[in-house]
Each structure stands twice: as C-alpha cells, then as structure tokens.
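Visitor: Sequence:
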Amino acid sequence: MPKIELPDGQVRDFPEAETAYDVARAISPSLAKKALAAEVNGKIVDLARPVKDGDRVKIATADDEAGLYAMRHTAAHILAQAILRLYPGTKLGVGPVIEDGFYYDVDPPEPITADDLARIEAEMKKIIAEDLPLVRREVTRDEARRHYAALGDPYKLELIDAIPDGDPITFYTQGEFTDLCRGPHVPSTGKVKAVKLLSVAGAYWRGDSRRPMLTRIYGTAWPSEQALKDYLQALEEAKARDHRKVGKELKFFTFAKEVGQGLPLWLPGGAKVRRIIERYIVDLEESLGYEHVYTPVLANLELYQISGHYAHYHENMYPPMALDHETLVLRPMNCPHHMMIYKSEPRSYRDLPLKIAELGTMFRYEASGALTGLHRVRGMTLNDAHIFVTPEQIEAVFTEVVELIRRVYRDFGIDDYWFRLSLRDPEDTEKYVQNDEIWNKAEGMLRNALRALGLDFVEAKGEAAFYGPKLDVQVKTALGKDETLSTVQLDFVLPERFDLTYVGEDGEHHRPVVIHRGVVGTMERFVAFLLEKTKGALPVWLSPEQAVVLPVSDRFRDAAARVVRVLKAGGVRARLDARNESLNYRIRDAQVKKIPYTLVVGEREAESGTVAVRRRGETKAEAMPVEAFVERIREDVAARR
RNA sequence: GCCGAGUUAGUUAAACGGUAUAACGGCGCACUCGUAAUGCGCAGUUCGGAGUUCGAUUCUCCGACUCGGCACCA
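Under my numbering, think of the first position of the first sequence as 1, with each following residue one higher.
Hints may contain errors.
Below, a list of computed lysine to any residue pairs in the SDA-like style, where the Cα atoms sit at most 25 Å apart [what the hints assert, rightly or not]:
#1 K196 / S209
#2 K461 / G571
#3 K251 / E459
#4 K125 / T113
#5 K196 / G308
#6 K58 / E138
#7 K461 / G308
#8 K476 / E237
#9 K481 / G571
#10 K125 / K58
#11 K193 / M213
It is worth saying that the hints were derived from the structure and are not from the lab.
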C-alpha cells in the first residue's frame, strides 16, 4: 500500500499504484494524459518507474522543467531513429538535451547537410505519429557491448566502457530503434508535440580536437506548435540585437580583409562611444588611486620568456620578428610590461598596494574560426591593471576590485551577470604553471574572499589563466552565449619569475603578489555587449550623438543652426540636419539612427527661443527653452541615463 | 584550426547556362514641408584566380573572407 508524498506536502495512499504513471492516473485522468515524466525523491525518472512506500512524487508535464527535459531527450532519440531510417549504417555518438532543445552527434556513411534537415524532420514527424512506446531495459555490460559490436559502433562502445562499474546500463527501445541511454524519456514518441531541426555542424567526438569530427544536428522541441513558433520568433528577435548587425547599421565599426581578419576599424560613431567609456573608466580609476601608464605593443621576446607567456601561450602569439640584435613579439598581454614598471625602482611596503593601469592594446593570434565580430578579435584594447600587494592586502584589494566592478556595472545599467570562479584543471599539466602549493593557496584565497563578500558564484575547473585562478564576471551575448566581461586574477607566479620585491617594515625583501584585473574588459567586447543590450539605443550619456536639430523648412535653417551652436556650447553632442528632405523623413532617420533626442525648430520655436523635443521611441513632442534642454541633457549625463 | 553553408551596387535582396535587376541609402533637380519614408532623374568590373562551354552571377577546382557549430578564449 504505497503512501506517497505529493508536491503540496500531503501524503496519500495509492492502493493500486506500482508506477509513477499509476499515481498520475489515480490523481486525475487528465494529469495522466499530460504526464511526461516524474520526479521521485527529487530525481527525474520515467513514468513507468516503480514507486514505493514513502516516496515523494511529482508528476511532470510540459509545464515543468522535468517534463520538457524528458520530451527533448526523447526528441533526440527520434532524431537518431529518423537518421538511421534514412542513412542506414550511421554510427551514433551522444544526443543530450541542451538549453531550449537537443542535439545528436552522428557519423553517417554519407555527409548530411542543412539541405537534408527537412527530410529528416519529416521522418521524425512520422515517428511521432507512429506513437511508439519507449521501453526501458537494464542490460549487462556484456550485452550492451555485444549489441554495439554487432552494429559496429565504436562511439557507443567507448561510452559503455566509460560507465563506472556498479552503475546500471540501460537501453531504451522505441519501435525498431534502441539506444544506450540513462533516460528519462516520455512514455511514447507521440508525446513529443512540436519539433524542428535548426542546424547542422561539426563537433569533435568527446569535445577533443584530436579525435574525429562527427556531424551534430541541433533541434528544438516544444509542447505545442505555438510554443515552437514563439521560440523561433524569439530567436529572430535575438538576431536583430546582434552587435554585428546593429554596429553595421549605426556605422560603429567595420572590418576589411585588406586590414586583416579580426582587426576592427572603429568608425567615428563607435570611436566616440569608446572614448566616452575610456574617459569614464580612467577618471574613475584615477580617483581610486590607479596610476595610468603607456607601454609599447611590441616587446623583446625575452620579456615573454621571463613571464612564461611564450612557453604557455605562444600558440596565441604572433610569431617573433628577428631584426638587428633583437627578437620582438607583438604583446598578447600587458602584464610583463607592468612588471617592468614595478621593477623600475625599489619598492617599499609603503608603496603597496601599487595600482598600475593602462588601456593596453594587444594582439592575439586567435583561431580563425573563433573570430566573431567584436566579441572575439585579434587586436584589442583592455582596461587593464596590475595591483601589486603584500600577501596581507590580498583580500582587501580583491574585495575593492569586486566592488569597483559592481559599481561600474551599475553605472552602465548592467544587471544580468554572474560570477565564475575559474580554477585550474590539475590534470592539465600542459596548460598550467606547475606548483601545487601556490595554486591551492591562491584558489583557497579567492574562494574565501568571495564567501566573505557573500557573493554567489559558480566554480569552473580548467578555466583559470595559466598563471593563476581568477574570478570572471560572465554575461550572455544576444545569441545566448556566455562570455567573460570582467576578470580578477590572483598571481603568485609572475612576481617570482620577475623577481619582484619590496622592502618590508622589517627591512627585509619580500615577494609581492599581483592582482590582474580588467573591469570594462576589452573595449571591443564591452561596446559589442552594450550594443546588444541596448539594441543600439545607447543611453544619452553614451550616445555618440545626443540630439539632432531639424528645421521645419529652409526658412528656419539659421534658427536651427543657432540652436545647435547653443547646444554644443552647453556640451551637448548635437548635429544639424537641414537636408533637403521632408521633416517626416528626417524624423524617421533620427529614430532609425537611435538618436536620443530629436529637436524640431519651426516658426513657433524660432520666435520663442524654444525647441520641440521628441524623445527616442516616443511620438509626442514637448516644447521647452533651449537652455532647459541643455540642462536636461546634463541631468541625463550626470545620472548616466 | 576543424566540419558545413555562403559571398551579386554603400545596405538588404532578385535573376531555367543566354541583354545583370529592385528597394533603401548616396548624388542632382523640383517642392519649402509641423513629428516615422515628397516626386522625378543619375551612378554597377556579380569576392579573387583557373577550368568546362559558342556563351558562366549560375557548373567544376583552388584561394580569400563571412556565417553556424566544434575546439580555443578577454
């Protein structure tokens, strides 16, 4: 007589119930119909799984994460089944659920391209219409191996071998198709309501670039056609925010193959925004005791051999140039130069923390396939600083930097971000400087400081810099990809390698610790992020043009020009648009160009010394004296609106 | 770098292997206009190279770049 605890906390008797599905049926027939999976004691399982006395059971429908998960997981199996029907002999990799969808990695006997997706999708719809039940079966390792040996599928065999001893090995069968899978799944293929295949791409087997490349097919699945349609529309809207599109329309930046891949040209509008951001951050940092410097983008290779960059990072560096008696490299990072500034004179504990900052331009040889607009480039300028501290100062300075980051994000209106503590992968001996003691110490310190700050953060193994762990501040791009905007890194390695010292209170030499930090990050990525966040409608304080002044007709051209002069004298970035076009045309143009304020000057305004002010995105205009408008802009800028 | 798909005017797009187009933008002319597109006119080496063909924007090959992923990463 199983007594089952339901999500609302009530405990009920389900005399006949053997499975989660029985529980759903006993609660209500309509729930049984909608049921896709179940959560039993917090674990997502098939509806057909047995329940026992004392279990906590929640029936999952398409409205629940668990239900959607099971549905998309089954959709992945349907995809694999469809591919096997159309491309017999295809070998299967993995087919997991991802955010908003699923994919399956396959190795077909003939290439599958985007043109084939419609066919595969049609076959999937057939399988859904067949409403094939999914049957779970636990198998022995031997049986599983025999199954895939017979099919000649090396990938599944490898997956079987990777399952730890003692873990159950399960097969799910739907119709003629059986897949190695831990589940859970919906009860039958007909429960998958709306599917669509989105794209096809190459993906290395097990994420390893030394291993074969499989064909990955991405798809999405939703509980209804309408939900699918809404999702596809959201995808389209996301594309409209893409900084590559917006940046092109607003003429913020461009690329030219004659200049080079991944080397952006900042056009006047983008350059203006960048300069505003640069002035903002330099002023702010100087007010906090940072000292801004300039150092060259080239350096002797030796500098990067001392730092260890050449050993650990040379694949991302442009190759050395041997000239005269020097061998030079383009710098991929600014740190070594700042180490040399530290070393340029003896330092005392009284000098610390010493904050050396620079808008440092650097060049990294990024893989060609990684380049994406301004998000990933080969030439970039970083809002960089290196803070030299005593070991005792680490936590206080780290905290101060995190607070600076939060302040800057507030000023830019960025509120959707999260912290990632990036740690080394101790297994990866090639990437990371070897010194267990230092790593453990550094990682422990960061973790403690974050806890003391009371910040939520996720830990990510293998994301650290080669010389130390770091705190990354993560945001999402318009297309939904995670990206690092800011970073704070703890470094015990460079001070050693450069033999940095300071004289302590005791008169002895001590080793400082370096904190690397980028707050605004690279100007390229930051501006790209702002463009995507605002869809190009930048706040007044950042807009390259804050106001455009439109004379109603030529008769008011002089009056409008006078207004522009007053605005400019008042510090407003204003422009006259007296083109031989209709007023409506020029208003539309100003809206399309996302200019915050459009000012119309006609007879009424010319006589009274006013302007008719229309805000971006609004249709009503408000008349005010020119001086009042200047004041309004000043308020906007002061409030960083 | 790897897998796949693309590349036509400043931009977005069209053109069975048979005269290269349209819209927007730009420029010129007319209109002198009151809050999201006034009318008319003007301007083009189909990414580069090679090949197939009587003839290539279209087919084939090579290269460059862009896009979607993977790997890498601020």
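Visitor: List, from low to high, the hint numbers that the structure doesn't satisfy.
Guide: Of the numbered hints given earlier, those the structure breaks are 1, 2, 3, 5, 9, 10, 11, listed in rising order.
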